[in-house]
Structure formats: C-alpha cells, structure tokens
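*Asks:* Chains U and E are the protein sequences, given in the same order. Mind the numbering: the first sequence is residues -13 to 459 in my numbering, read in order. Mind the numbering: the second sequence is residues 63 to 1107 in my numbering, read in order.
Everything labelled a hint here was simulated from the structure, so no lab data went into it. Treat the hints with care, as some may be off.
Claimed, not checked - Per label pair, the in silico range of CB-to-CB distance: (1) P511(E) - G294(U): 34 to 44 Å; (2) D36(U) - D178(E): 17 to 27 Å; (3) A1069(E) - G107(U): 49 to 59 Å; (4) R105(U) - M768(E): 34 to 44 Å.
Said to hold, decoys possible - Listed next, the stretches of chain U that the computed footprint assigns to chain E, with coverage defined by at least 3 CB atoms under 8 Å from CB atoms of chain E: (5) 129 to 143; (6) 189 to 197; (7) 201 to 211; (8) 228 to 242.
No residue lacks a Cβ here, since even glycine has one placed at the ideal position from N, Cα and C.
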Amino acid sequence: MHPSSLSPEALTRRAFLGRSAAGLGSLALGSLLNPALFAGDNGRWKGVLDQLHHPARIKRVIYLYQAGGPSHLETFDPKPKLAAMHGSAMPESFTRGQQIAQLQGTELKCYGPQFAFQRYGKSGQEICSLFPEIGSVADDICIIRSMYTEQINHDPAHTFMNTGSIIAGRPSMGSWLLYGLGTETEELPGFIVLMSQGRGGQMQPIAARQWHSGFLPSRFQGVKFQSIGDPVQYMQPPAGVTSADQEEIIDVVNQLNRRQHDAVADPEIATRINQYEMAFRMQTSVPGLMDLSKEPTRTLEAYGARPGDGSFASNCLLARRLAERGVRFIQLYHRDWDHHDDVAHVKYKAEEVDRPTAALIRDLKQRGLWDDTLIVWGGEFGRTPMAQGKGRDHHIKGFSIMLAGGAIRGGMSYGSTDELGYAAVDKPVSVHDLHATMLHLFGVDHTRLLYRYQGRQFRLTDVFGNVVKPILT
Amino acid sequence: MDLARVALPALRAFVIGSVGAFAGSLGIAAPAAPASAGATTPPAALSFNRDIRPILSENCFHCHGPDKNHREANLRLDDRDAAIADFAWVPGNPETSEAIQRILSTDPDEQMPPPDSARTLTAAQKETLQRWVAEGAAYEAHWAYVAPTRPALPAAAAPGSGAIDAFVDAGLARAGLPSSPEADRRTLIRRLALDLTGLPPAPADVEAFARSTNPEAAYARLIDQYLASPHYGERMAVPWLDLVRYADSIGFHNDVTLRYWPYRDYVIRAFNQNLPFDQFTREQIAGDLLQGSTPEQRVGSGYNRLHRISGEGGIQDKEYFAKYAADRVRTTATVWLGATLACAECHDHKFDPYTLKDFYSLAAVFSDLHEKGAYNLSGGFTRENLSEESLFTTAKEKSQMQALEAEIAALSKQIAAPTDDELASERAAWEARIVAAHQAGRLAWKPQPPLAARSTAGTPLAIEKDDHSLVPGGENPRHDTYIVTVAAPLTPVTALRLETVNDERFPGADVARAGAGFFIAEIEISGAASADARPTALRIASASANLGSEAGFDPSKAIDGDLTTAATLNRGSGGGFAFYLAEPFTGGPDARLTVRIRHSQAHPYQHLGRFRIALHDQPNPDPNPTGIPRRTLDAMLKPAADRTDEDKRRIAFDFRANAASLKPLRDRLNAARIARDDLYQRLPSMPVSRSVEPRPLRVLPRGNWMDDSGPLAEAAIPEFLGKLTASDGKRVSRLDFAEWLVSPQNPLTARTFVNRLWRLYFGEGLTRTVEDLGSQGDWPSHPELLDWLAVEFRESGWDVKHVVRLIVSSRAYRRSSVPPPGVEERDPLNRLLARQSRFRLDAEFIRDNALAVSGLLSPRLGGPSAKPYQPKGYYAPLNFPRREYVADTGDQLYRRGVYTHWQRTLLHPSLMAFDAPARDECTTHRSTSNTPLQALVLLNDPTYVEAARVFAERILRRGGWTFEARLDWAFARAVARPPTAEEAHLLRQLFEQQRARYRADPAGARALVSTGESPVAADLPEAELAAWTAVSRALLNLHETVTRS
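From just these sequences and the hints, can you work out the full model?
*Replies:* What follows is the structure, given as structure tokens:
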C-alpha cells in the first residue's frame, strides 16, 4: 500500500471502529496485521489520517452557535437602502419564486434595520451599534456577509448547518473532525457541547442530532455538558460511593478484564480497559474544570460570567478552559434568536453575547491560544428584510457569520448581499464552503476525508464545497 | 397478482464464484506468508462479479456508470457493449485497451482515475484488470439482481451435515483453514439464549445443559424452548424497529410524543407467532388494503406512518410531503431491497441501475396515503389528520362507542332544536342579568388573598402579593398536596376558581412543576363562617374548565371522590377550573375557605405550579377569568342596533351554553362526550394507513420540491427489475407492490432478509454490507450459501423461525469464538467462519441482561412505552412545550429496553451511549463502539446501581452462607460460569475492603443500598449488603457480562 495513501480504511483499527465499521474492507488487512499502525495508546483515538494533506493552521474550533436565526440586518449587514424603503412594498423582483416560511400569503413589506450601524477599529468594519464590544475587536474578526443555506425551518436548517445534509443520520462536523484527526486529550471528550438560553424571543428546541456522529461510530459523538445536575451524564459516582471506592471497583474490573484478555486475546477487551481508565480520569478532572469559582474576579468580570449561572458568558469562559485542555471541537449553543415578533429584541441578545464574545477573543490572544483556534459565530439562517409585524421571518438566501482566529484575516468583510439584504450576490458562501474551509484550516482536504457507508464514500461536504481562501491569512 | 414477465435481456447467466478461489477479495491471506491485501495472485479463473466489478464500481462508475447526466466523455464502463464500442476494452488485448492504458498511465493528464479524485488503484488491481481483459473482458449481471436459484451442495460435504456447514466447511477446506471446536456448553447456552431471546439463560438450564448426557438432544430442546419464548419476539423486534425507524416521538422540531407503540407490539407478536415474512410484508405495506383487513393488519400498516413528521410553524405542506415521500422510498428500498436509494432523489444512481424516475415511481406507490405535510395550524396532530384508528375494539366496545356517538349526535340536535326566536325571552333575561352584574362589578372572578398555605410534603408556597398567587419552591417532591386558606368575604360564594398563572420558573407549559401538565386527583373545599368558626366541608356540584382537558382527564375527575382518577387542564394562559358549590356559602366579613388540592399519585412530580384561588357570587359563572368570554361581553354591552351578525351569533352561542332551560340536555351531552373520550382513551390507537385519492406526484428535478417542471410519476417498481401490472388495471397499488416484493421474480427481498438474520448470529452478514446488496456492496463470503438460504426461506413459506433454527443448529454457529492457532493472522475478519464471533450486546440487551441478572426485570410484554430513570435536566433543549422527564414507577421501571420511551431528538442517554440509533432514518446495523461514556453508564446510571444492590440482596438471601458459595451463585447468573480461583481472590479482596470501609460509614452504606425505587432490604446488615453491592457492580461492569461470545 502506498504510504501516503489516505484511504481511511487503511488506517483504521478494528478495535476502535468495531465490528460494524462498514468501511473496513480488505484493504484494512495490512494495518490489522501490523500493530505499528494501531492507533490510540491509552485508548486515545489518533484519527484515521496518519498524515495531514497540508500543514494545519488550527488545532481546535470554538463554535459560538447563535441558534434561532440571528438577523443579519441587526448584527453585521448594514443596509441603508432598506432603511430608506421601510414600510414600502418589497420589490417582487427579489422575492418571486423564492421560498417563504411564515410570511406565506401575506403582503411583503420592507422593514428597515432597527439599530444604527457604526464603523469600528482601524479597519472601519461596520457592525450594529448594539455590539460595541465585538466592535472593539473589529480588527480581529472577519465578517462573511454572503452566507446562504438551503433549509428554511429550524430543525432541518440546524441539521444542514451541522452535518451538510438534510437527511438525518449523517455525522456532524465535530464528529468528522474527531474521526479524521483524533483527540488531543485523554481526560475529556474531544467534542463538547454547551448550551445556554437567552430571553426575549422564541426558544426553539435543539435535537441531539446536531452533535451526533450519525453513521460514524458513536465514540465520535459530541458530549453535551449540562448546566443542571452532573455536568456530564452519569459522571457522579452513586450515593455512598467515594472516588476511592470507585477507583477500587474500576481497578478490580480492569484486573478481571485483563485476565479475560489473556485467555481469549480479544482486542476489544484491551480497549474496554482503556475506556474505564479514561472514564475514571474524566470523573476526576471534569468537576474541577467546570468550577469557575476559582477564576480571578478580573476574568469573570471581563466575560460577565457568574460561576454556576449557565449563561453564555460562563460558557465562553468554559470554552477557553476546554480549549486549554485540548478539546478539539467546542460548540456553544445560545438559544433564543428567533425574532418573529419583535426584532428589536436583538438588544437582549446583544446584552448576553457581545461582551463574552469579545472577552473570549481577547483571552485567547492573551493565552497564546489565538493562533491555532478558529472561532465561528453564527446561526442556522438569517432573517427577512421584510416585516413580520415588528419582527422578521426565517431567511435563507443571505445572512452573515463571523470568523476569528490567527488563521483568519481580521478586519475584513467578505462578500455581500444585495442592496436590500435579501440574497447573497457577491462571493456567495455556502454551508459546504464553510465546512471545507474549516477542514482546510485543520490541514485536511475536504474531498479526502471519507467514510464508506451505504456503498459510497461520504464526506462532510457531500460533493460540494470550496475553500474560501481570501479570508485566510 | 398479475405480474408481467420480468424481462431482463441485458442480464446474463449468473455464475457463482467459488469460495476462496480468489481468497484475496475476502481479505484472506495465503497460507504461506501473511501478506498485505491484494498482493495475492488469483489462482483460479476470474469472476467479473467477485473480482472486477468491485474495482470498476468503486473507481470508475462514479463518472462512467449508469448516471447518464454526469457521464464523463460519454463513456460508460458498466455496459460491456458500450465500453467495447468505445475501445475502453479490447477483449484479449489489454495493450490497445484505452481504459487499461489510462489506468497504467503516470501522466497526470492521462491517468485514470484522475489524481484529484481521491481514488487510486493498487498494483494488484491493475494487474487483475489487465488479466481480465486479456482473458476476454467477460461481464456478468450483478449477482444480486438475478433471482436466486438453489445451488447444489458441495460434493465433499460431510455426511449428516446441513447445508450451512457443507458450504462453510467447503470454504475452510479450500483455504486450508482449520476451525475451532464447539464452544464449551456454558458459553454455548449463554450465546444461544442471548441471541434468541436477548436475555441470559436461567442458571438451572445452564447446569442441566452442562451436565446433559445427550447434549445434541438437549441443545435442540433449548432451541425449541427459546424460539417458543415470548422474549424471542422482543429480541427480534429490536433490529426490525431500527430498520423501520420506529419511535415514540415525531422527530422534528418540538418532537412531541404520539402513540405508535401498538405497532411495536404488532412486530413482537408477528415474530412470536412466526407470521410468515411475506404476510408480514403485505401487512406493513398494505395491511389496510387486504380483503377484510383486521385491526391487527391495519396496525401493521402503521409502518407507512412511522417516518418523522413536523409541525414547526411556517413549514409548507408541499415541502414536507416531498420529505416524507423520499423518506418512505429510502426506507422501504433499504428494508426490503437491500438498496441505497437516497441519491436517486436528485439524480440517477451512480453505481446501480436505479434512476431518478424509479425513485419517484416508488414514491408514487404510496401517494394514496391519507396524511398531512405540515402538521401545524389546521393540520395539527388530530386523530383525523394522523389517520388514527382505534384498534382491537371488542364487539362490546364497538357497540358502546356507536351508542355514545349516536347519543352525542341526538343530544346535539336536541340542543340545537329550539330556534333563537323561541329562546329570545330567556336570552334577554340572561343578558340583562349579566350586564347588570358586570356593571355592578360582580361579573369577574375575584382572586382572594391567601391567609395560610402549606404542603404535606413540606413544599414552601410563597405568596405573591401582587396577584394573590402562590408559588411552590424548593425540591419538587414525588407526591404533594397543597392546603390553602383564602378569605371568602363574598355573599354568597357560589363557585371557586382554581387559576393557573404562567411562570417561567416552571417547565411543562409553564403551569406545572414537571412534565407536560399537572394532575389533580381530588379537590376538597371547606368553609368557616368566621376566623374562629369550625370549618365544614362544602359539597361541589359540578366542575368545568375554560381551556379543555385531555380526554380522560376532564374536570369532573377532580370531584368524583376517586383518587385514582385525575383532572388536568390544557395549556394556555388564563386557564382555570371552576368548581360550583351545591349550596351557596355565606359567612361573615372574615369568612374563609380552605382548599385541599390533592395531586394524582399516578403522576408523580406533576404538581401545580403557580396558581391562585378566585371566588364568584353569581350563579353558574363562566369558567373564564372574566366570568364570561370577553368578546361576548363586549357584544352585549353594545346597543342592540349596533351589534354585528358576529356579535349576535356569539351571544346566542354563549347563551345556549348557559341557558337554564337547556341545562339538563347540556349535562347529558357533556356526560356522553366524557364517556366517549374515556372509552377512546382506553382503546389503543395509532396512525395507520388509509387509502384516499392518490395525490399527483411529480419527478422532482434535482430533488427540488419547488420545481414543478418534471413529469407526473406513475407508481411502479424500478424499471430494470421488471414491470408490474396494476391488479385493478389502473394504478399499481401498495398491495401490488407488496406482492411483488415477496414474489419469486424479485431477486432481493429474501437475500436481504436472510443476510441480516445471519448477522444476528455471527456478527456480520454473509455480505457484510447488510444495507447494500448493490454494485458497491460487499462480495458475499459464501455466495452459494446466501442463495441457498434465500431460496430455503422463500420455499419454506417465508418461515423465519425455520431459518433461525437452521442457523443456530449449525456446527459453524456452535464453534468457540477463540480462534484456532494461526487463523487470526490469515483471516482476521473471520470471513470464512473458522470460529464464532464475540461482540458486545446491543444497548437494550445490556439493560435487559443487568435487570435479569439482578432479578429486577419485569417479564411483562407490550403496552405503553416505559420511562426508566434519566438524568435530570436532559430534556432542557426541548420546547413547545418545555418538558421535564418523569420516570415511571413500579414494574414499568424495570421493563425491557425494547419498551424504553424513544424520544428521537433526545434519546435516552444510556441507550445512546451504547450506540442505539435515534431512529430518524432507517438503520440496518448499529456500530459497536467502546467508549468511556459506556463505562460511566454501567458504573453510575441508577438503573445499574439499583440492579447491583438488588442483586446483592438476592446473593445474600439465596446464595448460601459462605463468600465462595455466594460468589459462585452470583457468577452463575452474571456470566453463566463459576469464577476462577484468581477471580474469586480479587473479588474477595474487594469485598473485604469494602465491608470494612462501610462498617465504618453506615450512612454511606445506607445511601448506596437505597439507590432506586426498589424497597430497601432493611433486615440485612448494611455494610454486608453495601460490600456485596460493590462486588455486584464489578460483575455487571465486566466486559464478559456485556459481551456475547
């Protein structure tokens, strides 16, 4: 086999993917017989890619997922023309033949941006004045104003944003990354999800599908840390069982399993032993990790976090702590951006996310994590330039997201929507393009991270996706 | 059935490859030197299907295959004539074959596959292709698309061995591999019991089998026993429910729970009764269309309704019709045809001859189903929209239902009979009284300040001074009764209103402390005429609610004196129950009423959230907060001349709902409705198939549902598989389609099913890609055996138990899973079955096994889904409404995993940790991962901790008197074998250390042995019990315990 062949099968260990790894073809034989290719000392998965396709720029992603569909017109996309046309009919040339959600069958009227925009930083990036803190790091961020997506309702749109497919059962982006690149920590899952909720809008539900590994083995699933009860399900030993008791039992289980392994030589048993050891390490390290009370007051204030409040601010701070500990994909869902009734309520969102987002950026820079972290800030779609009462409806033809990190050109706006903020017209960026770019930064060619399922090679980007090179440093 | 002759002119005779002749394609290394894959030179003649098609399909068909719209250079390699015409192959002459030269080329511009395709051929593959062209470039039809015929058994089969062993042994012999001996009897019986029932064997059966002097006969009897066990059906249902994506919730957006479980029970019964698979197929695809279909068969037809559905606001019927249709095609094709059709929604299949048109033709087979696309607004989750049917009604229940419906119709008619004119004078008096009461400020309900409030569970009830409401706080107890005293200065008090106040602090539509609502078993009211007077009980004559109640939980249930019934209130703001006193109550200025709100024991935790008490002094006030619907009152306040028609209609309508002269009729109508709803609630029902006028369905270009330019699709089977004639001469029906699925002309159904059966008993299918028998599928390890089994299955009358029995009776099945020396290196994937496999139990069976070992398992079959313990806060991401999970009680906590409530968007985390799928989509096989989260589940999930402590209790009570005897007893149950001396030593150390530790910490011991709802064994020494709990936890965590070997 060619040494640089990137066929995932070739680098897959049966013990890790299990008996049902459909991708495990005859090509895997070589690696199965060659223990040197067996990944994962101590049970740590090192990924199917033995070598990257090109040098990596980043090691991790912090994805600040603004769930519900943030209005681009009240965040990152200034539209004076729309303001001028406020209240007048939306020109039919924009909307004819286009999909519409709740505004079906109603008269479509322009609805001007509800807040002023302001220029920030040396770059003079235009950002809604509700977000002065994000404005204060304007030179560090890149705003993509020409995103578009394909699904107009929350549930399928989330699924598309996370998995690149509208068919359920496909792996989420974090799962793909773990599968391809493995984890960097033995104490924590490589893909962690945190969730916070805001106020003032409609709090749309979020399915576990959004961080599921789909057809990839479930070891690549995102693990959701909870703000109520145990941070991780089943992390707490039973009542009356101390950590020492637990260690004792795990030790005996592992000794008994080791004897079984000696008898039947099943590599699954060796893996099981490693997993118990890792479980114990997680049990030991997670409570301290989640406890923000030891953070200096200065830091807590910078983020606006209060230990234990489960807020977006606290989660941003936790994200930094997870990043420090080698977690590969950290996804923070902040719910409640669904502003059908009153888009002025974006101001509540701004109160919740503006400061922590900027604090996270500054904190990463201070701690030397900036260069190899990618921050993504955005939702599943945008909102109509047309009014829905005082609010805006779901919108897929054009919206904004924000990227930041050492590998991203700061102070830059990329692409644009038309003069009314309806459709991405200049340099449109698809969800697949975003995924391709993210993989690219990890040193992965998105067309070559593959998993065989249902008779074909699947990838995160399906058969689409182009790396958005102009935004990269 | 009128099946047209299946014409397959393009398909040539199917030549079965000989197993092992080209062992390299199975990943079998040559005997002499372990070598990397593909390096082996094929010794025998090449077979297109086995040796060539996989290379072409994987590397070439994507651009040079069946999809005409994306064919590069107009060259296709899936068709021999076309490929030769284009000189891709020149038979006998690889040197002049263009395709071969391109494959061998190193010039990036020439090279095939192109360097940027991420596809490369190995040297061995290139060599094989050259040799194949040199030998004449012969093609074969894809094996799976030619109907199977029964192959002859290998000549060298050992006498007396069945077909399975004949084929498997022949494969081993050809490869020169030895096989493992039969597994030891304890391993074997545990394997058999787990495989057939999903439960461990009874220890007595293990001992009897281990000591049997006639193990052959004993083994056969065990097979009979397990196949006859009702738990067989539960075990078989699990993979089937994965395939058909059965769940308890709708899967999109708010993911509400609907009742689908009668279908789950149907599947369990079908397997237990060994319903022939052809009939099983007909009933699911078209049970409603069968002549004289039974309710049971119509439940089976619920298969067509199991896909995810959405009620998200702003979705469109048309888009979601398209989503559901595509889902049905993907699933049905994978379940019965072993085909992956998802891609054909947008374009012709890249590797198989399925076309875009075929996809929509299959969708059109189902276009007669009554359904909605958008289940929102008027398309909500109503019985009619869901096509729900009450099922399994007895003749008596049916006639009861009919009588009630007739009575409701008759009473409604009687109430409507008097004309508005006839009622005019009574209405005028009523109106005058209402208006006068309103003007005197006496119409609206008057909230009263609480004077005292307490709860039997000690819940603090904080008083909100602003609106006189009470807010429960602190830990939500399991059961609770609120006792509230309010001032009652009205003279007289005619009625009391229990008002809910929405509050963000509570989940469950904001009015209940947990779950989706609150349940009140009984309301009791007593009155005291003054602060010092003794309270006396006040009789409540009737009750009503302004927002309606769930069927079976109407307000009368709160005053019927029966604590087992309960009342609830639908969601919405301003909701309340009105309780009308039989005698108006009059006291002094400091009179007071005490209300006792007894929550339902059957709905633990689901207590009232924020609420207040209001009183009324008029007779029969409306249950709305204003005492009358606001808009009706506004209408009444207008001068008669200014009233619109709508105003008049409103007043007349509300009057009829209040007219004293109609009250007797109204009461009877209400009672009849309640009785009907109660009866309906008792009868299982679920969405089933109902045939209506077929919806026109178009081929959607690129799968775009907004594009109406495609032609109308006609119901049909995929074109290359033949042509189906409609039995009614007009349109291919679901029944026609089902008949074709199980006809001998269809080459795929029987193979697909037996291949998946095989996987249950060996861990892999004969074709490992159990989801795909197409061009990209895996070449079967034993093609003749697969065909033999498929034909046997069909000819046995689609007898599932027969095929299962054949498989588990075979010597191949009974082998030890420990490989014989040297075999692991040569056949690491165990494709030739020199040994059995070891694999981890599926999620549900890990649970079942632990509960069975501990003695906690409920053996009850069927019924509503069960809710075992689940971590707090897990449902926080759900909304509309917000929900808090409430675990069940009693034996419902210890049901088998197959009954666990399946919430698609947030599947129970312990099932998810062990790879159970969300069942959004058809799942043909689960991955089997091995993760730290699994360790955490087995260590810390209360289900497993409780199982361990109950197991410990049984060990102490029944395991004998010494540590050794007890450990033997425990091992026999956990792993069906005695411990080794070393194991016993390790566990004794653990036991002694833990006993010492718990002797010093009685509180810790008590806490551990109180985990879960089971009664605590108070008579046993706590430290002893806690230490055995530790040992039991170790046993339940062993790899061996969760593994079938």
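*Asks:* Would you mind marking each hint as holding or not holding in the structure?
*Replies:* Verification of the hints:
no.: 1; hint: P511(E) - G294(U): 34 to 44 Å; in the structure: holds (35 Å)
no.: 2; hint: D36(U) - D178(E): 17 to 27 Å; in the structure: holds (20 Å)
no.: 3; hint: A1069(E) - G107(U): 49 to 59 Å; in the structure: holds (57 Å)
no.: 4; hint: R105(U) - M768(E): 34 to 44 Å; in the structure: holds (39 Å)
no.: 5; hint: 129 to 143; in the structure: holds (count 5)
no.: 6; hint: 189 to 197; in the structure: holds (count 7)
no.: 7; hint: 201 to 211; in the structure: holds (count 7)
no.: 8; hint: 228 to 242; in the structure: holds (count 10)
Taken one by one, the earlier hints all hold for this structure without exception.
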